[in-house]
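Those sequence lines, one after another, are chains A and B.
Per this note's numbering, residue -16 is the first one in the first sequence, and the count goes up by one each step.
Per this note's numbering, residue 563 is the first one in the second sequence, and the count goes up by one each step.
Among the hints, erroneous ones may be present.
Here are the computed lysine to any residue pairs in the SDA-like style, where the Cα-Cα straight-line distance is at most 20 Å [claimed, not checked]:
id, chain 1, residue 1, chain 2, residue 2
1, A, Lys279, A, Leu262
2, B, Lys575, A, Ala169
3, A, Lys(-1), A, Leu18
4, B, Lys575, A, Lys(-1)
5, B, Lys586, A, Lys(-1)
6, A, Lys279, A, Phe263
7, A, Lys98, B, Gly593
8, B, Lys575, A, Thr176
9, A, Lys279, A, Phe123
10, B, Lys586, B, Leu596
11, A, Lys277, A, Leu186
12, A, Lys98, B, Ile842
13, A, Lys(-1), B, Tyr601
Here are some chain B residues the structure puts well away from chain A; computed CB gaps all over 10 Å [stated by the list, open to error]:
id, residue
14, Lys575
15, Met587
16, Ser588
17, Pro755
Note that these hints are calculated values from the structure, not bench results.
A virtual CB, placed ideally from N, CA and C, is assigned to each residue, including glycine.
If you want the building blocks of each chain, they are given just below.
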Amino acid sequence: MATSSHSGKSRYRTEKIIRITFFCISLASIATLALITIFLFMEGLPIFKEVSVKDFVFGQYWYPTDEPPDFGIFSLIVGSLSVTVVSSLISIPLGVLTALYLAETASAGIRQWVKPIVELMAALPSVVIGFFGMVLIAPFLQEVFGVATGLNLFNASLMLAFMSIPTICSISEDAIFSVPTELKEASLALGATHWETIARVILPASLSGITTAIILGMSRAIGETMVVLMVAGGAAIVPISLFDPVRPMPASIAAEMAEAPFRGDHYHALFATAVVLFLFTLLFNLAADYISHKYKQVGASTL
Amino acid sequence: MFKNSNSVQNRRKLLQFIMFGFFKMSAAINGIALLIIFYFLVSRGWRAITWTFLTQPPIDSMTRGGILPCIVGTVCLSLGAIIVAIPIGVASAIYLNEYAFQGRILRIIRLGISNLAGVPSIVFGLFGLAFFVVYLKMGVSILAGALTLGVLTLPVIIGTTEEALRAVPKTYREASLGLGATKWQTIYRVVLPAALPGILTGGILGLSRAAGETAPIMFTAAVFFTPSLPSSVFDEIMALPYHIYVLATAGTNIEATRHLQYGTALVLIVLVLGLNLMAIIYRARLQKQH
């Protein structure tokens, strides 16, 4: 009897230790995020002894290796935002319409084939897509549009769209799929066509999920590195036309880091650029999280 | 009146027909784009794939020869990443799904995971450089690269493991607890075995993700060229994705090595998509069983 109570107690203690261990491990993601923030800032902040935050963010000229160097990343930020916006003009309609197709109108047999296609799109390594854009799309654009270089804003946006479509499509599809059937049936019973039901009932009901999907897709596009490194053209200018070359932030960091002298101004400036990029994606992700929680899909009440 | 309402009906039907056409077209565009990429890589890459290409190191400043060191490097890096990410990822998922109560802490942890999943790959690369390579003095090495990739695949592993745990019916747990097993015994003996196939699928997906990434290893593990295969985890390494990038943008003669670039890209894509197809088929089979 005494032994059994003793073993009960030790069992309880073991359970507690196990639970606490798992809890600590589950904090690893937060800890990593914190470490990333700390180390980016630690290596990035020293540049602000050389230039002010305002001159860094809004400075027009990025000539990090000139003497004296110019560390203004405005054109890099504009480059990043422009490829993100142009790519989402392509990826949002394609992603959402494909999601609607999968969730609403495709037959089970076809869905079984299309879903893996979307998954495989998501799995394609970015360097392969960049390579594809470089050797196939760039000469094509050059020929068809008669532009100076096929490595430009448009090409990069096209490739980025391809990369963010799977994100947008699969999250939207989940949202559309989880709209309660009663809503749909009620609308159909009132005489609405299937399309009218989609437009007036299903889309409004899944809007928060679709918005989250779009934001996460854009976040993927703004942070994507290899594609913009290989096909965006690399000119640190504010683009005027769709066919101007641009130099988005990730491209600049990836291209220059290897040559930047260790812990020199250029090195710190690249880390500071990464801080800006990190803040952008953090903002996107927090916005997505906020929307998906605030406007949580709880059936009929969201309409 | 009658005629009128009929034409309204027709218009509504026509609109639906057009919109559904758009749906189908979008899905088709995705499929076609994927097919074009496939066709392009296979048609131009397959001629480069020879036994020599797969089993020899590059020679003549990488203008001839094979890609063996890159294959070895990519295998080392992605396996290393998984070895780091699986224990941490699975343990995190167990806590989140089995132990944690709905509340603020859980909400913060989940927010942390989703934000970690959204960190750009180049930022992981810089973090790996600043933390593993410089601060922990690992140098540019397999170890630093694998750890960086491990952090990157962590959210993938957590996500798929949680999904697998959620799919285990509640009745399994209740039956085990009802027989007097403790929570941990239940998890270890009942829940984990039932969820194992799903967790394995997640591991495969993580492996393929790590194998395809370039930016995180650029400054932490990968170099243009190594004269020999790695002998320790502190060695620098060549890797497939980085090799493609180097040959396509900075090689000694970019046009002359095109066939090597296509070949390398084909090998990488076969590796990555092969792993993914494996996961997809395996999962489909699992779903059929349940």
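Each hint, compared with the structure:
A distance of roughly 25 Å separates the Cα atoms of lysine 279 (chain A) and leucine 262 (chain A); the hinted pair therefore is violated under the 20 Å criterion. A C-alpha spacing of about 19 Å is found between lysine 575 (chain B) and alanine 169 (chain A), which places the hinted pair at or below 20 Å, so the restraint holds. Taking the CA atoms of lysine -1 (chain A) and leucine 18 (chain A), the gap is about 28 Å. The hint is violated against a cut of 20 Å. Taken as a hint, the lysine 575 (chain B) and lysine -1 (chain A) pair is broken in the structure, with Cα atoms around 63 Å apart against an allowance of 20 Å.
At most 20 Å may separate the alpha-carbon atoms for a hinted pair to count; lysine 586 (chain B) and lysine -1 (chain A) exceed this at roughly 54 Å. Taken as a hint, the lysine 279 (chain A) and phenylalanine 263 (chain A) pair is broken in the structure, with Cα atoms around 24 Å apart against an allowance of 20 Å. In summary, the hint linking lysine 98 (chain A) to glycine 593 (chain B) is supported, as the alpha carbons are separated by about 10 Å, within the 20 Å threshold. For the suggested pair lysine 575 (chain B) and threonine 176 (chain A), the alpha carbons sit about 7 Å apart, so the restraint of at most 20 Å is met.
Pair hint lysine 279 (chain A) plus phenylalanine 123 (chain A) does not hold up; C-alpha atoms about 44 Å apart against a cutoff of 20 Å. For the proposed pair lysine 586 (chain B) and leucine 596 (chain B), the alpha carbon gap of about 16 Å is at most 20 Å, so the pair holds. Restraint check for lysine 277 (chain A) and leucine 186 (chain A): satisfied, since their Cα atoms lie roughly 17 Å apart, inside the 20 Å limit. At roughly 10 Å between alpha-carbon atoms, lysine 98 (chain A) and isoleucine 842 (chain B) fall within 20 Å of each other, so this suggested pair holds.
Among the hinted pairs, lysine -1 (chain A) with tyrosine 601 (chain B) is inconsistent with the structure: their alpha-carbon atoms are about 56 Å apart, more than 20 Å. The claim that lysine 575 (chain B) is not at the interface with chain A is violated, since a C-beta of that chain comes within 10 Å of its own (minimum 7 Å). The claim that methionine 587 (chain B) lies off the interface is violated: its Cβ sits roughly 8 Å from the closest Cβ of chain A, which falls inside the 10 Å cut-off. With a least beta-carbon separation of about 4 Å from chain A, serine 588 (chain B) fails to lie farther than 10 Å from that chain, contradicting its non-interface assignment.
Look at proline 755 (chain B): its CB is around 17 Å from the nearest CB on chain A, clear of 10 Å, so calling it non-interface holds up.
Hint violations for this structure: numbers 1, 3, 4, 5, 6, 9, 13, 14, 15, 16, all remaining hints satisfied.
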